[in-house]
Amino acid sequence: MKNNLILEMKGIQKAFPGVKVFDNFNFDLIKGEVHCICGENGAGKSTLIKMLSGAYLPDKGTIALDEEVILNNTPRLAMGKGIQTIYQEHNLYPLLNVVNNLFAGNEMTNGILLDSKGMIDKTLEILDFLHSEISPFDIVGDLGSGAQKTVEIARALIQKSKILILDEPTSSFSKKEIDFLLNIIKKLSKEGLSIIYISHHLDEVFVIADRVTVIRDGEKVNTYLIEDLDEHKLINDMVGRDVSSFYKRDEAEISDVFYKADNISGNGVTDVSLFVRKGELLGISGMVGSGRTELAELLFGVKEMNQGEIQINGKEVNIDTPLDAIANRMCFITEDRQSTGLFLDHSLVRNTVIASYAKSTSPFVLPSDDVKISEKYIRQMNVITPSVFQKAMYLSGGNQQKVVLAKWFATDCDLFIFDEPTRGIDVGAKEEIYKIMTELLRKGKSIIMISSDMPELIAMSDRVLVMRNGRIVVTIEKSEINEENILQHSIGGSE
Amino acid sequence: MSNENSEQIARQTRNSFFQKMIQHENATMFFVLVLIIVIVFFVDFFSSGMVLSKAKFLSGLNISNVMLQVAVTGIMALGITLVMLMGDIDLSIGWMMCFVGTTSAYLLRNFGWSGWMIILAGVVISVFFQLLMGFIISRTKLESFIISLGFMSIYRGFTYLVTNGREITLGGNFKFLGKTSIKLTPTFKLYTPVLIFIILAILLWLIMKYTKFGRRIYAVGGNEKAAFLSGINVMNFKLMVFGISGLFMAIASMTQLSRLGTGNPLMGQGKEIDVIAAVVVGGTALSGGKGNIWGTVIGVILLGIISNALNILGVNPHYQYIMKGLLIILSVLVGYYSSVRKNNVKS
Amino acid sequence: MSNENSEQIARQTRNSFFQKMIQHENATMFFVLVLIIVIVFFVDFFSSGMVLSKAKFLSGLNISNVMLQVAVTGIMALGITLVMLMGDIDLSIGWMMCFVGTTSAYLLRNFGWSGWMIILAGVVISVFFQLLMGFIISRTKLESFIISLGFMSIYRGFTYLVTNGREITLGGNFKFLGKTSIKLTPTFKLYTPVLIFIILAILLWLIMKYTKFGRRIYAVGGNEKAAFLSGINVMNFKLMVFGISGLFMAIASMTQLSRLGTGNPLMGQGKEIDVIAAVVVGGTALSGGKGNIWGTVIGVILLGIISNALNILGVNPHYQYIMKGLLIILSVLVGYYSSVRKNNVKS
Amino acid sequence: DDQMSGSGSEEMKTVGFINAGPDDYYAQFGDAFKAIAGLYGMKVIEVNSDYNPDKELANVQDMIAKDVDAIAVITAAAAGSAASISAAQEAGVPIFFIAGKPELDSGTDLTGHVTDNFVMMGYMVGQWVAENYPDAVCVNMPGFLGQGPAEGEIVGFQMALTEAGMGEATILQSGEWQRTIAIPVAQDLIASGRDFDVIFAANEESAFGIIDVFEELGVEGKVVVSNNGKDDAWPYLIDGSIAATVPNPPSLNADLCIQQMLRYFNGEDFIQYLQIKPPFVLTADNLDQAIPWTVSDYLNKREANEFMWKLSDYEKNYLENKDQFAMFDQKVADYLASN
Ligand SMILES: Nc1ncnc2c1ncn2[C@@H]1O[C@H](COP(=O)(O)OP(=O)(O)OP(=O)(O)O)[C@@H](O)[C@H]1O
Ligand SMILES: Nc1ncnc2c1ncn2[C@@H]1O[C@H](COP(=O)(O)OP(=O)(O)OP(=O)(O)O)[C@@H](O)[C@H]1O
Ligand SMILES: [Mg+2]
Ligand SMILES: [Mg+2]
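Residue numbers (the working numbering), protein chains in the order written: chain A, 1 to 495; chain B, 1001 to 1347; chain C, 2001 to 2347; chain D, 3001 to 3339.
Any given hint could be a false lead.
Unchecked claim - Covered stretches of chain A (chain C as the covering partner; in silico rule of three or more C-beta atoms under 8 Å from a C-beta of chain C):
(1) 307 to 316
(2) 326 to 339
Claimed, not checked - 27 Å max Cα-Cα, derived DSSO-like pairs, lysine-lysine:
(3) A:Lys391 - B:Lys1209
(4) D:Lys3301 - C:Lys2056
(5) A:Lys160 - C:Lys2212
(6) A:Lys478 - A:Lys20
(7) A:Lys20 - A:Lys60
(8) C:Lys2141 - A:Lys122
(9) C:Lys2054 - D:Lys3013
(10) B:Lys1141 - A:Lys372
(11) A:Lys160 - A:Lys190
(12) C:Lys2225 - B:Lys1290
(13) C:Lys2290 - A:Lys303
(14) A:Lys160 - A:Lys187
(15) A:Lys20 - A:Lys31
(16) B:Lys1290 - C:Lys2290
(17) D:Lys3310 - C:Lys2054
(18) D:Lys3301 - D:Lys3034
(19) A:Lys81 - A:Lys186
(20) C:Lys2209 - A:Lys122
(21) A:Lys160 - C:Lys2141
(22) A:Lys162 - B:Lys1209
(23) A:Lys260 - B:Lys1209
(24) C:Lys2054 - B:Lys1141
(25) A:Lys443 - A:Lys391
(26) B:Lys1141 - C:Lys2212
(27) A:Lys260 - A:Lys278
(28) C:Lys2290 - A:Lys122
(29) A:Lys162 - C:Lys2141
Unchecked claim - Some, not all, of what chain B presents toward chain C, calculated at C-beta under 7 Å:
(30) Ile1146
(31) Leu1149
(32) Ser1153
(33) Leu1206
(34) Asp1274
(35) Ala1277
(36) Lys1324
(37) Gly1325
The hints are simulated quantities; they were obtained by calculation from the structure and are not laboratory data.
The beta-carbon is built from N, C-alpha and C at its ideal position, and this holds for glycine as well.
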């Protein structure tokens, strides 16, 4: 067994100011296996892999690769030793094109000169391999979240490696892309690559894992062979209580139409009509790149509408900016929390209260009120943080997502537009969020939810719209909502 | 776990006053300031043959001096702090002061306008031009560096046109803003400019703390896109901030004018560098979203004291430049190392 | 799918030369430059009573002049472009030139060092100090604005110490870098500084295009954290860039020294603003990651031509400041509007 | 320049006037130059170098390209002017210098030069102090460090004190020729409790700042001396707040330079290197000898012949005092060498 280990972490200790993440943590990776790490938000998964990748140094403990201890790990060192990492949050160069993103730091050269052609060819090759439509010359900042993740995967795969680490790679993918990625991962592991895979989608875990390590509060609960594990047990280990992975929501009373858009176009969206009623959750589905985010941006006044008309409560309104939208009691939870949701350098207090300022016209605020509001919602969302004065950048990915949700729940809107609301959120917390959403619907609020998480979409939606190429191709009523139906319409007749 | 968590959150909020002081983001720079004062005091004391009455650095007279010297820079720095919190910069303020100051002097001299009227004129001109600049910057998102550099050159030309390069004296008028003072002890005077600076600093601090405006400025500087999506009309907000900064520039210009008693065409030349340096030393990031009013006040006083101390200690002017440069670098380095100790992260 | 894709790429690559030109990121500023040249030419032509021989703006003599005038600024701007692409700034370069230039003059004058030896000395001094500054900035991540401001003051002090405030003439020595020229037509001369500038620009362009270094500078400037995680040793990279910038500063200082024939203590004073302005006008973002060498070359020439044209047209110096400010603002505005037309986004 | 001498004085001459910087002295210089040139039917194109040697050179080149009939330069960086001079020479454009004394490359020469001697100005104030306050402790607030005039004054002043056996004058931080910058330096001087009796301010702008501070802080009994002698300072001389100054009216400098140019255009002889007659110390007692800076006053008094303004008079005066000038220059060189 021992010589089978490609990687071994022993006695790992790691703390941040105010947070002790690991006390005495051990972990190992067998050659050629897919090892999944599961745990609640803030359990320490990302911290663990960042110590492997060299982004962080452990305070204590050893990391051994092929029985050789790595000292003073840095990303450069780790990459040199064949560890490739895809981080949970984007780590890209938004101003550069795809080729330059893929090879930054690992450029191909002929002598001292760059081998541009070689790099472009290799880019094309890897994009082909990933069945991606991205062009090598696209500026990465212009790509959507999903495409950006694809670029990061391509970047990791393009280098020769022994260990591949993926931290929630699928959170902005839809079903089709996820299946495709999982296939690739399986194939690579069969070819001898060792893989660490982190995901909150437990079904993915059961598809690809050879072993699973569960972390809770920085402690290893256990490492299982996949055969010895079922979903029930896994969740119980993670959360410490019983949670059903299939949430069943309570019904809410659906009444009048609250928001109605007629034949709107612009921002890559063509001729879309939709409405959502009070107490109704309208799901929007589609493949990555189908234009769902673009539609949401249009509804919220982020981007310019070329034509069409919007009515709220039966009255025509102009929504030219997010400010107008908020004044009309709408809110928009964007899919990219770091670039459009959070003020990373600011405290949770500032992050949670900023949008609610638009609610009242008084120019004054009381800092103590801000703290109270913030504490209320931070607590309600169960964000793991030493205090509400912690900077958002020091939270775990899932907890950051919860802060974004908290910001908008604090505004007490009537229409919530969610774009991938539960990205990176653990099963236990998801249930809490669904409960809050149900509560909102009960109070007569409306929700438009864009989601690539099929079970979530099916469990929560009253109706589902399916988008393709910037158009709505079908409306699926409650009784007909099921996975095959949605998928079939998303992909369209062509495949 | 959720219980534990909320308890922990509550605990942090109940921190003692002293702990809060130490953890405060201005604590380090304040400490550096105190350190410099103490060191200079001792150097002064020992070099005066250890006769306390001969050590002048902490004399009432010198303290009132330093405060008077930093007041105008301080008022400008308050305004620029807002602009920089938003992630913008303004290089035009020095020559704007020249332009506004000399124009007001011109109006007083040639049309006999009263003090209040020229103050009004100064405010109108400053705010108008800052709004114009703010309009361009907020609408185009072009680098405020280069736009404000353009305005700087324009103000310079305006100043020369108004003055033809010569001073416009006020003939002993318009003294109340700059030359009046309250005598607190026989040697310690509180000059009106200092009073204005203190009042504006407190006012701005209250605004930053207790108004939406104050909170939003951090949001705009911290993440413009997120701010836009959180319902802030970023363009108009920026416009407003430039307007407010214009108000501060007007007050600073009028105070400077009154102090000098003459509309000197070079009365503000080069001030932009002093002002921005003070704001940066005070902890405001050029990239925006980080910093605060007291930091700026500390930065202004720190740089003011460095200049003053070198003069008081009678350092040769050639060495003064070297010492000043070293002290600026050392101050921010000390600030850096103590903040690193507080939260040691690698990248 | 993949077929389509590669076809598209092929199409992109097969774009006509003209299309490429128009879409090039420097196209707009280049257009603005040409526009200004054309306008100035016509104004000059008409104000010279439509006698072509009296219109001096496009005379061989004036063109060689302008090129000579921008050469030193241009060399500095090339170096600073690297620093700014990385997201840093350097305010110390003007006084660094004073320090390095006068020190070299001192060595020549007092120790009889030869031209090549003082060039070596200049390079060693510049690179050493830039590395020192780069060391502090790269290790602490403090604002380069304030650190370089500190160095600026230090260099100023050093300059005064070396010169005691007086010029150090070269006594007619060391002319080859600044005063030699190749006569291409009876009136048009290519001066050595211009040649150096052109060679360096081409060299740097090639480096930016064909080496790892060139690619990585955009990565570091575009996202420092990602660069670190991609295995780039950001600290040492930054250090190196500052070192390289020191090399450019040395070449600029030596050229300036040779051109002036004297180590004037103010020989580079204020240059930092000209240089940074040119780089920004040329499209390099202060926040880093965006810009290129030809943009800088265009920016340098554009600002140089504005000054020259106003002199040639005999505009009163007071109005010159106004015109210059307006032209800077207008240039970047035109640049902005044409880029907006190309990809019209709202926020 | 063959074409030029042919067409002579009928055609309107265009002169490029390169001003050194943006302060009051230079502003008045520019005004005077344009007004007086206008008297003689010359057209002036003024440009400004912002004290920057590099920009000065560029300005000269631009004027050459502009093909003006002559160039007049006030230089802030005399030694660096060699490059400007050879450029003009090469292009065949006559070039005149005012105020600063340029160094030359071999084989090049100026067309004409009129100058005050800043070292001598500082020296004369120093002598005046030594005579009137032989036991005084002196301090000196210099002009912009690194500029020729500023450094010249420092040297001259100290030379006089040393000759008189007085102690060194402490050099304060620079007032950069400006009231605004001089004020805090003066405040710190008073606050530091430094013992001094006489303060030499490099120019009257900075002296004004010093006087403001003295007034504000109730400082009495200190003697302020300066350089410039400009009209604005006359009231201060009368009320004694400035005890003495050495005048260097820009109006006169401009006038003499233009007269040199006229002679040149007319093909007449003139002294190529003219030092303006030994400067004198201006006090309340001899204010009637002061030459106004303000153009209108200057022109009025000039018309009334109330002071000496003709080039020929100054040339005569110079020739009479030539040895004295040479001796002084030698003295300065010796002094500098010994320091
Ligand atoms: N740079 C940091 N500074 C301070 N605290 C940090 C930092 N990085 C992580 N933490 C804290 O460490 C803990 C573990 O975070 P980590 O990101 O490893 O969680 P995670 O398991 O990846 O969670 P998620 O599922 O939400 O991504 C969290 O409490 C987080 O707040
Ligand atoms: N795989 C891809 N290949 C090429 N372009 C892509 C790809 N994925 C996304 N894009 C581009 O990026 C844009 C936004 O992508 P994003 O991943 O955000 O999807 P979206 O349109 O927002 O819809 P969704 O919400 O379904 O992801 C798309 O409109 C498309 O132009
Ligand atoms: Mg994580
Ligand atoms: Mg999307």
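Hints violated by the structure (numbers, ascending): 1, 2, 4, 6, 8, 10, 15, 17, 21, 22, 23, 24, 25, 26, 29, 33 and 34
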